[in-house]
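Novice: Sequence:
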Amino acid sequence: PDKTQSGQTGTNQCGTQSSPNSTCQNSFLNSVDDFCLYAPPEPGADSVIGNTERIEVAWCTKSNHGTRLIPPGAIKGAHFIQTPDFVQVTGFGDLTQLNVPKGDFGVGLDPHGADGNGNPIGGLVFSSAFGELEQIPEWTNFMSDSEFCFRACKPGPNAAQLCQHIYDVMGCMWNMPGNYDSGFDTCQADTGEPMGVYGSSTFFQGQPATPPPHPAPSSSNCMTTSTIGDVNAV
1 PDKTQSGQTG
11 TNQCGTQSSP
21 NSTCQNSFLN
31 SVDDFCLYAP
41 PEPGADSVIG
51 NTERIEVAWC
61 TKSNHGTRLI
71 PPGAIKGAHF
81 IQTPDFVQVT
91 GFGDLTQLNV
101 PKGDFGVGLD
111 PHGADGNGNP
121 IGGLVFSSAF
131 GELEQIPEWT
141 NFMSDSEFCF
151 RACKPGPNAA
161 QLCQHIYDVM
171 GCMWNMPGNY
181 DSGFDTCQAD
191 TGEPMGVYGS
201 STFFQGQPAT
211 PPPHPAPSSS
221 NCMTTSTIGD
231 VNAV
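Residue numbers (UniProt numbering): 1 to 234.
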């Protein structure tokens, strides 16, 4: 369909040809070589993620998703992990090239939002990491001007907790501890602990004491690559 939610500004009918003006809101999280990020459709100081979270569009490393293409060299590091329960990419780069204003610390994007329509409204996430290409109902993506993280949870009873969306100002390092260094690699990893859950207690954003992030899940079988997608490493 063209649109999947009321109030949606972009489209889910995207074709396969990338375009710098695409309003596609479908994201893919397939591999370190093939992933997308949500970012503002227009540049400018007012385009901070907190202002534009409802209208973000998809920017991808591959040109065959009908989205915008992440500019060559914008991504300096990307680290893809596959766990039994989710896939995740973490990294850094010059995300001002994706219209994120310089100095923006960002907020979280997720399929729920305050009204259930999602941030962005109508944003759909797909992945082939668990077998066939499928829609992933539970996901979470954080964007700042220099750091990104995106997790898509395998459909199942733990998906909502492992892709928890209530910690929207806590950022990547707290929600998705992992590798944010330069370079590109793919690893297998353990699922680890859900964000915000510490034994039998759950932290809620805004409480006076913020607990430390969980340690990054242990990883193995890492494979490095020198370039990703249609983006050349620089």
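Calculated directly from the structure, the hints in this document are not laboratory data. The reader is advised that the hints may include incorrect statements.
Label-pair distances were calculated between CB atoms; the ranges are [claimed, not checked]:
{"hint": "1", "residue 1": "Thr96", "residue 2": "Pro215", "range": "26 to 34 Å"}
{"hint": "2", "residue 1": "Met223", "residue 2": "Gly7", "range": "36 to 44 Å"}
{"hint": "3", "residue 1": "Ser19", "residue 2": "Ser220", "range": "33 to 41 Å"}
{"hint": "4", "residue 1": "Cys222", "residue 2": "Gly50", "range": "30 to 38 Å"}
We treat Cβ as the ideally placed atom computed from N, Cα and C, and that holds for glycine.
Novice: A separate judgement is required for each hint: does it hold in the structure or not?
Specialist: Evaluation of the provided hints:
At roughly 31 Å, the beta-carbon separation of Thr96 and Pro215 lies within the given 26 to 34 Å, and the hint holds. Checked against the hint of 36 to 44 Å, the pair Met223 and Gly7 passes, with Cβ atoms roughly 42 Å apart. The supplied range of 33 to 41 Å is met by Ser19 and Ser220, whose beta-carbon atoms lie about 39 Å from each other. In this structure the supplied range 30 to 38 Å holds for Cys222 paired with Gly50, their Cβ-Cβ distance being about 34 Å.
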